Every structure is written in structure tokens, then in C-alpha cells.
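Asks: Here are the chains, one letter per residue:
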Amino acid sequence: MTLAELALTVAVLGALGLVARRLGLSAIPAYLLAGLLLGPNEPEQLALIQPSEVTDFVAQLGIVFLLFFLGLEFSLSRATRTGRHVVLGGAVDLAVNFGLGLLVGVAAFGFSFAALVLAACVYVSSSAIAVKGLIDFRRLGDDETDLVLAILVFEDIVVAFMLGFAAAGGGEVSDTLVLVAKALGFITVGLAASRWLSGPIDRTLDRLPLEFFLLAVFGLLIGSAAVADELGLSEAIGALMAGIVLSETSVREQIEERFFSFRDIFAALFFFVFGLSIDLGAIGDVGWLVAFAVALTLVGKLAGGMVAGSLGSFTRRQSLNAGVALVAHGEFTIILAQVASQNPLLEPAQRTELVAFAGLYVLATATIGLVLMKESKRIGRAVFRPRPTLIEEA
Amino acid sequence: MPVDLRETRLPGVGVKYTFRTAQGGRVAVIMHVDGQREIYFYRRADDDEPTAVIELHDDEARQLGAIIGGAYERPKIVEELEMALGELHIEWIPVPDTSPAIGLTLADAGLRARTGVTVIAILRDPEPVSGAQPGDVFQQGDTLVGVGKAGQFSAFRRMLAEGPFETEGV
Chain A
33 MTLAELALTV AVLGALGLVA RRLGLSAIPA YLLAGLLLGP NEPEQLALIQ
83 PSEVTDFVAQ LGIVFLLFFL GLEFSLSRAT RTGRHVVLGG AVDLAVNFGL
133 GLLVGVAAFG FSFAALVLAA CVYVSSSAIA VKGLIDFRRL GDDETDLVLA
183 ILVFEDIVVA FMLGFAAAGG GEVSDTLVLV AKALGFITVG LAASRWLSGP
233 IDRTLDRLPL EFFLLAVFGL LIGSAAVADE LGLSEAIGAL MAGIVLSETS
283 VREQIEERFF SFRDIFAALF FFVFGLSIDL GAIGDVGWLV AFAVALTLVG
333 KLAGGMVAGS LGSFTRRQSL NAGVALVAHG EFTIILAQVA SQNPLLEPAQ
383 RTELVAFAGL YVLATATIGL VLMKESKRIG RAVFRPRPTL IEEA
Chain B
123 MPVDLRETRL PGVGVKYTFR TAQGGRVAVI MHVDGQREIY FYRRADDDEP
173 TAVIELHDDE ARQLGAIIGG AYERPKIVEE LEMALGELHI EWIPVPDTSP
223 AIGLTLADAG LRARTGVTVI AILRDPEPVS GAQPGDVFQQ GDTLVGVGKA
273 GQFSAFRRML AEGPFETEGV
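For the protein sequence lines, the chains are A and B, in the order given.
Following the working numbering, the numbering of the first sequence begins with 33 at its first residue and continues without gaps.
Following the working numbering, the numbering of the second sequence begins with 123 at its first residue and continues without gaps.
Source of the hints: derived by calculation from the structure; they are not laboratory data.
These numbers come from a predicted model, not from an experiment.
Please note: incorrect hints may appear among the correct ones.
[Claimed, not checked] To spell it out: a stretch of chain B is covered by chain A in this simulated footprint if at least three of its residues, at any positions, have a beta carbon under 8 Å from a beta carbon of chain A; those stretches are:
| no. | segment |
| --- | --- |
| 1 | 170-183 |
| 2 | 236-246 |
[Stated by the list, open to error] Computed Cβ-Cβ distance ranges for the label pairs, DEER-style:
| no. | chain 1 | residue 1 | chain 2 | residue 2 | range |
| --- | --- | --- | --- | --- | --- |
| 3 | B | Leu127 | A | Pro83 | 49 to 55 Å |
| 4 | A | Phe244 | B | Ser276 | 45 to 51 Å |
| 5 | A | Asp168 | B | Thr265 | 35 to 41 Å |
| 6 | A | Val42 | B | Val175 | 43 to 49 Å |
| 7 | A | Ser293 | B | Thr265 | 45 to 51 Å |
| 8 | B | Glu129 | A | Val331 | 30 to 36 Å |
| 9 | B | Gly147 | A | Phe416 | 20 to 26 Å |
| 10 | B | Gly157 | A | Pro83 | 39 to 45 Å |
| 11 | B | Val125 | A | Ile167 | 45 to 51 Å |
| 12 | B | Pro248 | A | Glu243 | 40 to 46 Å |
[To be verified] Each computed EDC-like pair below joins lysine to aspartate or glutamate, with the alpha-carbon atoms no more than 20 Å apart:
| no. | chain 1 | residue 1 | chain 2 | residue 2 |
| --- | --- | --- | --- | --- |
| 13 | A | Lys409 | B | Asp219 |
| 14 | A | Lys409 | B | Glu288 |
| 15 | A | Lys214 | A | Glu280 |
| 16 | A | Lys409 | B | Glu209 |
All C-beta atoms, glycine included, are put in the ideal place defined by N, C-alpha and C.
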């Protein structure tokens, strides 16, 4: 990738992102679309950017920053304080949607590790798109918003776990056990570091001049990602751990402020690079699969929302709003597919199909999800009319 | 009657406070992580759509909070208190952001010796200082609670805004 190509890329990202914003859609599908258009696959008239080592590296940085920020925001104490909805709502969502995801996965790949990855892709909703929708459509004040965000927290935890296996899972039982041991070891070291080292790290970072503060944090982040990568756990887990360690320090907000722009740039490029590898030619193979998955997602997320909502004693309209907010899939579906596509234990055909599936599936659900979210209150009023007694009173 | 205030964390967004008003409406205040505030008002507690949404920047929200909380316009109880004090007044004096006193201790600034007004408390986030000591340091954003005679406050405000102080603050 040359500088001119990068300039072109960023210009297209900016333009499509703005259009998406005007239409009230999320930027994530816009970036994917940009990659799809400019990439080497169909449409070939516009094939201006070739995937290369450079684009792969940029994408890797994108994953690292996305997961780093997830780690910074994440904290067990904060997750538990989000309340009872996390466990109850999260469990319902997991049971329903991971189950339906497995159905899609098995239909595509038979009983295999790839099916498990695909199930996770279908299970995990997009926190970024849901939160954007909740803010844009003025839903933050609504009670059911608590339920939506709690479920998203639960999903993030499950997917963080899945990411550890997506990169190298799927081998023999003994290999998988080694992988589990490595993952548990790494997570234990990370959590211990966040428990006992956050004090010293905090004091050191606090004293550094700004320039070295940036370098120190960046070094810690990339170092942790590199260690995890070497262990075969995927850089994503390393970046997540670095975020969790730093989330307990007093400089967390400063880090977020300083690295915000890095994340936005590299995340945009990550989605773009992922878009490059989506082959529309594969639509013949995965088209039916995507359609099947989208249909099941609509059913699963709405049903999950209704059940979780009624368990949390929300009204049916509120539960509908909650379910609809979870339809959009985005960053995690893409990250999972990307990490799994580097997994040497998956067959090449499975990897190509996973990438094509994830790209098209996100394009579809992100659009449908946001449109539904915008209209969900009107739909709710039409479908769940107020009880007759209320009408008589009025 | 104490207000039944509910606090909920919104992961990735901020914190939400909700309560019902005596009129049967519902108010939700969202404090975003970046300092932005949003106030949602639902005319009836179970309304689908908010009747009004107010978006405020950090400084606007603080101003509004001061007005509603009664710190800006002195509440009636303070006026009554002033009557009881006779000749003495209590005034709320915000420290200007450009004040040369910022960074100095109360003792170093010597405002009492020069104007006659005594600082008895400092309102600041997150903890107000009750019973201000000579060693307390003026900070940006402080609001001072001072006791003095009516005529002394104008000199106090002027000196707080412009100095001069023997040792200038940072």
C-alpha cells in the first residue's frame, strides 16, 4: 500500500462514513463497503487496493486498539454493579442466540470448530452500533436501555473468552487442552497484574512527561499483544488484558483521551481491510447462509429480548425495544471472523466462507437493525396495544 | 420527602439517574463519560417517547445545577440566617478562573487581614471544605463562603480577581 493509496482509502472512508451518518446508519458497514468496493474482488473495475503485509499490519493494529478500549471500559466491579440484568438477561440471550448460531454453523460446516466460531459471530451483537443507536434515537433515558447495555456487557465477556480460542482452537483434544491452559495462565497473570501492579504502574505513568507517557502505554499495549500472539492466543486477548490492567489505574481517563483518535483511525482501517477480503463471488456459496442467519437473528434477538424483558419485569413494548437494539451485529463478528481466518487449523475454504459470511451478515444486520431500532417504538405501539382497561379510563 | 433516586451504570456511556416527580412525570439525567449531560423528561412515567430532551455541556450543566440547587441565587434560608447575623453577611463568592490567588493558601493570600472578610467554607468538587483552615489552598472552580460586613465584600471580590498578593500563585 502506497501513501497515495492510503490517501484514497481514507478519502473514501470519510465520504462513505459521512453518507452513512446522514442516513442515520452506523459507520461500520460503510467502512466494510468501502473495502468491498476498492478490494481485488468484485467489482473489479474499482480494484485499486491489494491486500498486502501493510494492510494486514494496519488491520492488526485496529484489532489491538478496539480490544484495548474494551479492556479499559471493562471492569469486573463495574460489570457487577450494572446489576441483576447482566446475569439473567445475558444468560437468556446466550442460550437463545448461541443456540440458533450453532444451527447456522452446523448447517454451514457440519460439526466442526468452524461451526462454533460462526455461532459466536451470530451470537454477539454490536456494542458500538447499539450504543450509537441508543444515543441518536434518544433512548438513553428509557428503562429498557439498562437491560440492553447489561446484555452487551455479558456478550463482551463471552466473546473475549471465545477470541482466545478462535486463533488456534480446533485441533486435537490435547492441543486444545494446552491452549486452554495457556489462555487461563495468561488471563491469571493479567488479572494478578491488574490487582497488584496497577499501583506501581499508576505511579510511574503519572510521573512521566507526556511524550513518554504515550510511548510507555503504547509499549505496554503492543508488548502484551505480542506476548499473546506468540503464545498462539491472538493479539486481541493481549490487547484486552493490557486494557484491563490499565483500567484500574487513575490514568485510565487520560489514556482514553490520548488514544481515542488512534482507535478511531485504526478501527476504520481495520474494517476497510476486512472489507478487502470479502469476495462477492462467494455470495453463491454463502448467500443462503447469510439469509438464513439474518432471519434467525431477527427471531432470536427479538425472542431473547422479550423473554429477558419479561423476566426483568419490563413491559412488552420495552422488551421489544430491547430486543431490536441487539439485532445489529458489527465489530465483534468481524474481529472473530478475522482472528479465525488466521487459524491454520481451519480449512482454507472454511476461512474464506467465514470472512465472506461475516462481512455480508454485518452489512445486512447493521442496516436492518438500525432501521428497526428507529421504528421499534412505533411498531411496539401498533403490535402491543394498551390494555382495554386503560382505553376505558382515557 | 426524600426523592427516590435510582442510579444505574450504563457501561460505555456513563451513569444514569432517574426519579419520578410529584406530578407523575419521570426525569432521567445521563452523565456521559466525556462530561456531556442529557436530561430526559417524560410527562407521564410510562411514556414511550420523552417529552423533552436537554443536552448540556459540562459548564452549562454546572451552571444549571447551581441555579436549581440554590447555590447561585441565595436561598431564603440564607437570607434569614443573615438577618440573625445582624451586621454580618454571608456571601457566596466564585473564584475567577484567572484569579492570581489560585495555588495560594488562605494564609498566604491574606484576604482576611486586607479586607476583613473571613472564608469559612469552600465549595468544590468532589468534597466541599467545611471549616476552612489557613493551610487550605485556593483551586480553580472553587466557590468561597465568606463572612464579613456588607461593605467589605466588594474589596474582597476585587482582590480575589486581581490581587495583588505578595506571593503569586501558579
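Asks: A separate judgement is required for each hint: does it hold in the structure or not?
Replies: Hints and how they fare:
1. 170-183: Held - the segment 170-183 of chain B has 4 residues with a Cβ nearer than 8 Å to chain A, which meets the minimum of three.
2. 236-246: Violated, because only 0 residues of the segment 236-246 of chain B bring their Cβ atoms closer than 8 Å to Cβ atoms of chain A.
3. Leu127(B) x Pro83(A): 49 to 55 Å: holds (53 Å)
4. Phe244(A) x Ser276(B): 45 to 51 Å: Cβ of Phe244(A) to Cβ of Ser276(B): about 48 Å, so the range 45 to 51 Å holds.
5. Asp168(A) x Thr265(B): 35 to 41 Å: holds (36 Å)
6. Val42(A) x Val175(B): 43 to 49 Å: violated (34 Å)
7. Ser293(A) x Thr265(B): 45 to 51 Å: Given about 35 Å between the Cβ atoms, the range is violated.
8. Glu129(B) x Val331(A): 30 to 36 Å: holds (35 Å)
9. Gly147(B) x Phe416(A): 20 to 26 Å: holds (22 Å)
10. Gly157(B) x Pro83(A): 39 to 45 Å: holds (40 Å)
11. Val125(B) x Ile167(A): 45 to 51 Å: With Cβ atoms ~26 Å apart, the hint is violated.
12. Pro248(B) x Glu243(A): 40 to 46 Å: violated (30 Å)
13. Lys409(A) x Asp219(B): Violated. Lys409(A) to Asp219(B) sits at ~46 Å, over the 20 Å cutoff.
14. Lys409(A) x Glu288(B): violated (64 Å)
15. Lys214(A) x Glu280(A): violated (24 Å)
16. Lys409(A) x Glu209(B): violated (61 Å)
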